[in-house]
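Engineer: For reference, the chains in residue letters:
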Amino acid sequence: GIQVEQSPPDLILQEGANSTLRCNFSDSVNNLQWFHQNPWGQLINLFYIPSGTKQNGRLSATTVATERYSLLYISSSQTTDSGVYFCAVASSNTGKLIFGQGTTLQVKP
Amino acid sequence: DGGITQSPKYLFRKEGQNVTLSCEQNLNHDAMYWYRQDPGQGLRLIYYSQIVNDFQKGDIAEGYSVSREKKESFPLTVTSAQKNPTAFYLCASSTGTLNSNQPQHFGDGTRLSIL
Chain A
3 GIQVEQSPPD LILQEGANST LRCNFSDSVN NLQWFHQNPW GQLINLFYIP
53 SGTKQNGRLS ATTVATERYS LLYISSSQTT DSGVYFCAVA SSNTGKLIFG
103 QGTTLQVKP
Chain B
133 DGGITQSPKY LFRKEGQNVT LSCEQNLNHD AMYWYRQDPG QGLRLIYYSQ
183 IVNDFQKGDI AEGYSVSREK KESFPLTVTS AQKNPTAFYL CASSTGTLNS
233 NQPQHFGDGT RLSIL
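Sequences listed follow chains A and B, in order. Each residue of the first sequence is one higher than the one before, counting from 3 in our numbering. Each residue of the second sequence is one higher than the one before, counting from 133 in our numbering.
It is possible that part of the hints are untrue.
What follows is a set of in silico ranges between Cβ atoms, one per label pair, in the way DEER data are often shown [as the list claims (entries may be wrong)]:
| no. | chain 1 | residue 1 | chain 2 | residue 2 | range |
| --- | --- | --- | --- | --- | --- |
| 1 | A | 69 | B | 213 | 37 to 45 Å |
| 2 | B | 172 | A | 96 | 36 to 44 Å |
| 3 | A | 18 | B | 194 | 41 to 49 Å |
| 4 | B | 193 | A | 75 | 33 to 41 Å |
| 5 | B | 216 | A | 60 | 16 to 24 Å |
| 6 | A | 47 | B | 150 | 37 to 45 Å |
| 7 | B | 215 | A | 44 | 39 to 47 Å |
| 8 | A | 9 | B | 191 | 21 to 29 Å |
| 9 | B | 216 | A | 46 | 49 to 57 Å |
Note that these hints are calculated values from the structure, not bench results. All C-beta atoms in this analysis are idealised placements derived from N, C-alpha and C, irrespective of residue type, glycine included.
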């Protein structure tokens, strides 16, 4: 099945810093989502981005489907950005979402 | 407000007991899903349903059962056959069927622990 790798596994930032999270996947996909899981376990949709670029406030994401990767950019990080960021993809074969292992982000004040 | 409601937030199971986790959505979504998350891990698919009265096994269905009698409800039963049920369980839904390329939206989850 499709493999999803996220990097880095852990990231510590000072408040105000910028960061880039990466998601590599092993096959062509027709669904790619970025999620933020907060310390209470809530999984928040950030982007639905099987291709192209989107921006939402301080967050933006780019997926280059032909090269099988996606990037999540966080600018001017805040302590509330802390948590785990998941990338999940689905291939056209199965349609099932496959999750990466996540990037754990800690933003220090 | 439209959304996905999971209950209870915390659940404790005794050895040999079946427990049922509730998931209700008022988004008029056709497809619903159950995932399991273990500490430090990503989510894994347990079961999914694309229409009422139909559901399919996901990647880790053993020890679980589901039903889909109503469009808005997709309860998950953790049976006594599931030997390691302690985990965080998340329910999701999406418009259209599995291959319709629609984003999935998640409830707030249920934490299940063994007494």
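Engineer: Taking the hints in turn, state whether each one holds.
Structural biologist: We went through each hint and held it up to the structure:
no., hint, verdict
1, A:69 to B:213: 37 to 45 Å, "holds, 43 Å"
2, B:172 to A:96: 36 to 44 Å, "violated, 25 Å"
3, A:18 to B:194: 41 to 49 Å, "holds, 47 Å"
4, B:193 to A:75: 33 to 41 Å, "holds, 37 Å"
5, B:216 to A:60: 16 to 24 Å, "violated, 39 Å"
6, A:47 to B:150: 37 to 45 Å, "violated, 32 Å"
7, B:215 to A:44: 39 to 47 Å, "violated, 28 Å"
8, A:9 to B:191: 21 to 29 Å, "holds, 23 Å"
9, B:216 to A:46: 49 to 57 Å, "violated, 27 Å"
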